[in-house]
Amino acid sequence: MKNKYKGSKIPRSSAPRSFNPDLSELGSEVNNLLDEEFERAPENARLKEFLTLSPNEEDFFVIRKRIEFIILDSYLFPFNRLECFVEVAERLEEMKDDMEEYEMEQKLPLLMYETVDT
Numbered sequence: 002m003k004n005k006y007k008g009s010k011i012p013r014s015s016a017p018r019s020f021n022p023d024l025s026e027l028g029s030e031v032n033n034l035l036d037e038e039f040e041r042a043p044e045n046a047r048l049k050e051f052l053t054l055s056p057n058e059e060d061f062f063v064i065r066k067r068i069e070f071i072i073l074d075s076y077l078f079p080f081n082r083l084e085c086f087v088e089v090a091e092r093l094e095e096m097k098d099d100m101e102e103y104e105m106e107q108k109l110p111l112l113m114y115e116t117v118d119t
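Residues 2 to 119 (this note's numbering) are what the sequence shown spells out, left to right.
To be clear, the hints were calculated from the coordinates, so they are not data collected in a lab.
Be a bit skeptical, because a hint or two may be false.
[Said to hold, decoys possible] Listed next, with one range per pair, are the computed distances between beta-carbon atoms:
| # | residue 1 | residue 2 | range |
| --- | --- | --- | --- |
| 1 | Tyr114 | Asn33 | 40 to 48 Å |
| 2 | Asp99 | Asn45 | 42 to 50 Å |
| 3 | Pro110 | Phe39 | 34 to 42 Å |
| 4 | Leu35 | Phe78 | 18 to 26 Å |
| 5 | Lys49 | Pro79 | 15 to 23 Å |
| 6 | Phe70 | Leu111 | 13 to 21 Å |
| 7 | Arg92 | Phe70 | 17 to 25 Å |
[As the list claims (entries may be wrong)] Derived pair list, reagent style SDA-like, types lysine to any residue, alpha-carbon separation capped at 20 Å:
| # | residue 1 | residue 2 |
| --- | --- | --- |
| 8 | Lys66 | Ala46 |
| 9 | Lys66 | Tyr114 |
| 10 | Lys108 | Arg82 |
| 11 | Lys66 | Ser55 |
| 12 | Lys66 | Met113 |
| 13 | Lys108 | Met96 |
| 14 | Lys66 | Leu52 |
| 15 | Lys108 | Val87 |
Quick caveat: nothing in here was measured; it's all calculated off a predicted structure.
Quick reminder that beta carbons are idealized off the backbone N, C-alpha and C, glycines included.
Please model the complete structure; the sequences and the hints are all you need to start from.
Here is the structure:
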């Protein structure tokens, strides 16, 4: 264990007692692999085109659509879509006694829109 620790980039005196040099080494290896793969990964032209806005873009809904995609549909924030659905389901549950089914179906897009905005 001491031999592996000597190769670590963290000085021994500043390392916490529970420091695991094997974990640090694994983290460095993963970081190096991801860094290499990032350089070789193909550029997603369609995604880049979708997310690129004209410098003169002023249409709120065009901009909102792109922001909504990043927040709800991209891999960056996968938990946000689920949270949004849970909140909409809770709100629909609260309304079900006061509305007919067709009214709830009509209200659903508005609830989604309101939930995303909050």
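Evaluation of the provided hints:
Between Tyr114 and Asn33, the C-beta spacing of about 44 Å keeps the proposed range 40 to 48 Å intact. Between Asp99 and Asn45 the beta carbon distance is about 45 Å. The supplied range of 42 to 50 Å therefore holds. Taken as a hint, the range 34 to 42 Å holds for the pair Pro110 and Phe39, whose Cβ atoms sit roughly 38 Å apart. For the pair Leu35 and Phe78, the supplied restraint of 18 to 26 Å holds, since their beta-carbon distance comes to about 19 Å.
At roughly 21 Å, the beta carbons of Lys49 and Pro79 sit within the given window of 15 to 23 Å. Checking the proposed 13 to 21 Å range against Phe70 and Leu111 shows it holds: the Cβ atoms sit about 20 Å from each other. Between Arg92 and Phe70, the C-beta spacing of about 23 Å keeps the proposed range 17 to 25 Å intact. Only pairs whose Cα atoms come within 20 Å are accepted, and Lys66 paired with Ala46 is accepted, the gap being roughly 18 Å.
Taking the CA atoms of Lys66 and Tyr114, the gap is near 11 Å; set against the 20 Å cutoff, the hint holds. Taken as a hint, the Lys108 and Arg82 pair is honoured in the structure, with Cα atoms around 19 Å apart against an allowance of 20 Å. A threshold of 20 Å between alpha carbons decides the hint, and for Lys66 with Ser55 the separation of about 14 Å falls inside it, so the pair holds. At most 20 Å may separate the alpha-carbon atoms for a hinted pair to count; Lys66 and Met113 meet this at roughly 13 Å.
A threshold of 20 Å between alpha carbons decides the hint, and for Lys108 with Met96 the separation of about 10 Å falls inside it, so the pair holds. A hinted pair counts as satisfied when its Cα atoms are at most 20 Å apart, and Lys66 with Leu52 qualifies at roughly 9 Å. Between Lys108 and Val87 the alpha-carbon distance is near 16 Å, which keeps this suggested pair within the 20 Å criterion.
Going down the numbered hints, you'll see the structure goes against none, and every one checks out.
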